[in-house]
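K.L.:
Now for the letters of each chain:
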Amino acid sequence: MRQLRYREALREAMLEEMERDERIFLMGEEVGHYQGAYKVSEGLLEKFGERRVIDTPIAEAGFAGVGIGAAMAGLRPIIEFMTWNFSFVAFDQIISNAAKVHQMSAGAIQVPIVFRGPNGAAKQVAAQHSHSCAPFYTNIPGLYVIQPSTPRDAKGLLKSAIRSNNPVIFLEGETLYGVKGEVPDEGVEELTPIGVSRLARPGTDCTIVTWGRPYYTVLAASERLASEGIDCEVVDPRTLRPLDTSLMVESVKKTNRCVVVHEHWPYGGPGAEIVDRIQREAFDYLDAPVERVTGLDVPMPYALNLEDKVLPTEERVIDAVKRVAYAS
Amino acid sequence: MVIRRFEEEAARNYAKGKIGGFLHLYIGQEAIAVAAAEVLEERDYIFQTYRDHGIALARGMSPNAGMAELFGRDTGCSRGLGGSMHFFDVERGFLGGWAIVGGHLALAAGTAFKSKYTGEDQVTICFFGDGSTNIGGFHEAMSLAGLWKLPVVFVCENNQYAMGTPLERTSPIKDLSIKAKGYGMVGDRFDGHDVEIVQERIAEAVDRARTGGGPTFIEVLTYRFRGHSMSDPAKYRTRTELEQRKQQDPITVARDRLMGLGVEESTLDDIDLEVDEEIDAAVRFADESEPAREDMMMSTVLAPEAES
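These protein sequences, in sequence, are chains A and B. In case it helps, our numbering puts the first sequence at residues 470 to 797. In case it helps, our numbering puts the second sequence at residues 70 to 377.
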């Protein structure tokens, strides 16, 4: 397999799907002539022209709504938010319109649309630009929420998202765009199914459920823990709605311990949902309360020393695993 | 007349407790929906606010399907899942009643975008109230429609009140149609009580959109004879004002015109009777229909995926 960067994997997904289906177009701020604020859409304007790679004014509610209307009428839009932080001004479009019209119309209208863009903290971009947005969207029936951790999943899941007949919230990692990983060779099509989790690291002593940026923190922490004799099994849900709990529950039945590690705030959200499901579905197998390592419950500060404290660290993961393993 | 009687009967059944939730009546504004429906082609798209019964019926939805929706029945136009504010009739291009003020204007720009993208000569028409013109959704939808010259007609049904607040307390300008200029589109403004005038002027805008001339922003001056919704006794306006406005009841105006053209009064009375019977039948149909279904509720949260 080839090595590709996360952003290149996303670009390939869009390129391959746009070549396949004329109804697909990409719309957003700076996606065309500027080549994408994070260069995810680099080269797509040259390939597909201004008809299908459409620069917009700064009007998220407007172009999110245009995308939804176009999807209602049969097109398959990809709407890029320059960052998910800017999706809040389009929240009503996503919640009240995209997620609702299929049911309100008794199934007569479908909304095949992907909203995508970078999510979560970058580096020192402070309180308004560091939101980890999964909790806002996972609460909403009528949406899929996908947050891929690796280049391979980014490509395979984006392709599946584009082919879905439903509105998809696709949360990319702002700090993951440069991450390299294995991606199937050109010509080998992989459509990663929505709503299926993945075993990222086999182990025997403690299950860690994680996704997005902390995925890499957890893998590093797991190596350090292995050297101390604690062998962690890491499960990546990949899709946060619908949530596939089968793999994590099976894992907990084997390891009897579980830590959930995520970037978003601790109050509610998929992190809390996963803990709830595990305690219900694997209660008799647990030897310790399920622990969570989360972003701290504060707006993101600017200063680097404080930002480092807010985001999950290897040390916090290691401490939590040792607590549930009664090894501290 | 169908719309008027439908709305009157809906109000009666709301009072009886047969209809729940919010109910916003179109009484007084009928000429606009009737005129628009006359102008549009079958392939065109229509969006409306939560005050949506009028345009749905004008477009050809049966009173049975409409009344059953209000009663929350499986035979309703949205199978009891939408209610008064969310009528849908996709086969007739009616893409919904939408109940967040200003939220559906961008959707209308979106279906118009699709028509331009595919090169089809469909037109989208989007209705909203004077209250919508102050919210951000209005501005962004108008901006994009103007920028991309989309085939859409925005029709502001200015009934003078944003819920209970009169226009002079919500808008710094009286003539809303001048907003069109800021979005690079044609603006128009006229009275909405004469169905013929409304039809003529909406037709101009629809033709412009269909022939590549871009969007139009129309302000139609109208008046609702009832409160904002059933819970609103409309105490913010005087009886005199209401009575004056009722002198220009679109239905009386149309009736007088027809009689002036030589139509016998008895012919019009016969039509009235027929409509009364049709609406009575719709109430019976709704009453006797099966309730909304739980399996429909569950199975329509997400659309089915294609087999891969």
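Hints are supplied without guarantee of correctness; some may be wrong.
Here are the simulated BS3-like cross-link-like pairs (lysine-lysine), alpha carbons at most 30 angstroms apart as the crow flies [claimed, not checked]:
no., chain 1, residue 1, chain 2, residue 2
1, B, LYS243, B, LYS304
2, A, LYS516, B, LYS218
3, A, LYS508, B, LYS250
4, B, LYS243, A, LYS508
5, B, LYS218, B, LYS248
6, B, LYS248, A, LYS516
7, A, LYS778, A, LYS791
8, B, LYS304, B, LYS85
9, B, LYS185, B, LYS243
10, A, LYS508, A, LYS649
11, A, LYS649, A, LYS516
12, B, LYS218, B, LYS250
Just a few of them, taken from the derived set where beta-carbon distance is under 8 angstroms, the chain B residues facing chain A [stated by the list, open to error]:
no., residue
13, SER147
14, ARG148
15, GLY179
16, MET299
17, ALA375
It is worth saying that the hints were derived from the structure and are not from the lab. Computed from a predicted model, the values in this text were never measured in an experiment. Where is the CB? At the ideal position from N, CA and C, for every residue including glycine.
K.L.:
Now tell me, hint by hint, if it's right for this structure.
P.N.:
Tested hints:
1. This hinted pair checks out: LYS243 of chain B and LYS304 of chain B have alpha carbons roughly 22 angstroms apart, not beyond 30 angstroms.
2. Of the supplied pair hints, the one linking LYS516 of chain A and LYS218 of chain B holds, its CA atoms being roughly 24 angstroms apart against a limit of 30 angstroms.
3. Between LYS508 of chain A and LYS250 of chain B the CA atoms are separated by roughly 36 angstroms; this puts the pair beyond 30 angstroms, and the hint is violated.
4. Using a Cα cut-off of 30 angstroms, the hinted pair LYS243 of chain B and LYS508 of chain A is violated, with the two alpha carbons roughly 46 angstroms apart.
5. For the proposed pair LYS218 of chain B and LYS248 of chain B, the alpha carbon gap of about 16 angstroms is at most 30 angstroms, so the pair holds.
6. Taken as a hint, the LYS248 of chain B and LYS516 of chain A pair is broken in the structure, with Cα atoms around 38 angstroms apart against an allowance of 30 angstroms.
7. Between LYS778 of chain A and LYS791 of chain A the alpha-carbon distance is near 19 angstroms, which keeps this suggested pair within the 30 angstroms criterion.
8. The straight-line distance between the Cα atoms of LYS304 of chain B and LYS85 of chain B is roughly 23 angstroms, inside the 30 angstroms bound, and the hint therefore holds.
9. Of the supplied pair hints, the one linking LYS185 of chain B and LYS243 of chain B is violated, its CA atoms being roughly 33 angstroms apart against a limit of 30 angstroms.
10. A hinted pair counts as satisfied when its Cα atoms are at most 30 angstroms apart, and LYS508 of chain A with LYS649 of chain A qualifies at roughly 15 angstroms.
11. With a CA separation close to 24 angstroms, the supplied pair LYS649 of chain A and LYS516 of chain A stays within the 30 angstroms bound.
12. The hinted pair formed by LYS218 of chain B and LYS250 of chain B meets the criterion: a straight-line CA distance of about 13 angstroms does not exceed 30 angstroms.
13. Interface hint status for SER147 of chain B: upheld, as the beta-carbon distance to the closest one in chain A is roughly 5 angstroms, under 8 angstroms.
14. With a cut of 8 angstroms, the hint placing ARG148 of chain B at the interface with chain A holds, because the nearest CB-to-CB distance is about 4 angstroms.
15. Hint on GLY179 of chain B holds. Least Cβ distance to chain A is approximately 2 angstroms, under the 8 angstroms limit.
16. Annotation: MET299 of chain B was flagged as interfacial toward chain A, and the flag is violated, the nearest CB pair being 21 angstroms apart, outside 8 angstroms.
17. Using the Cβ-Cβ criterion of 8 angstroms, the hint placing ALA375 of chain B at the interface with chain A is satisfied: the shortest such distance is roughly 7 angstroms.
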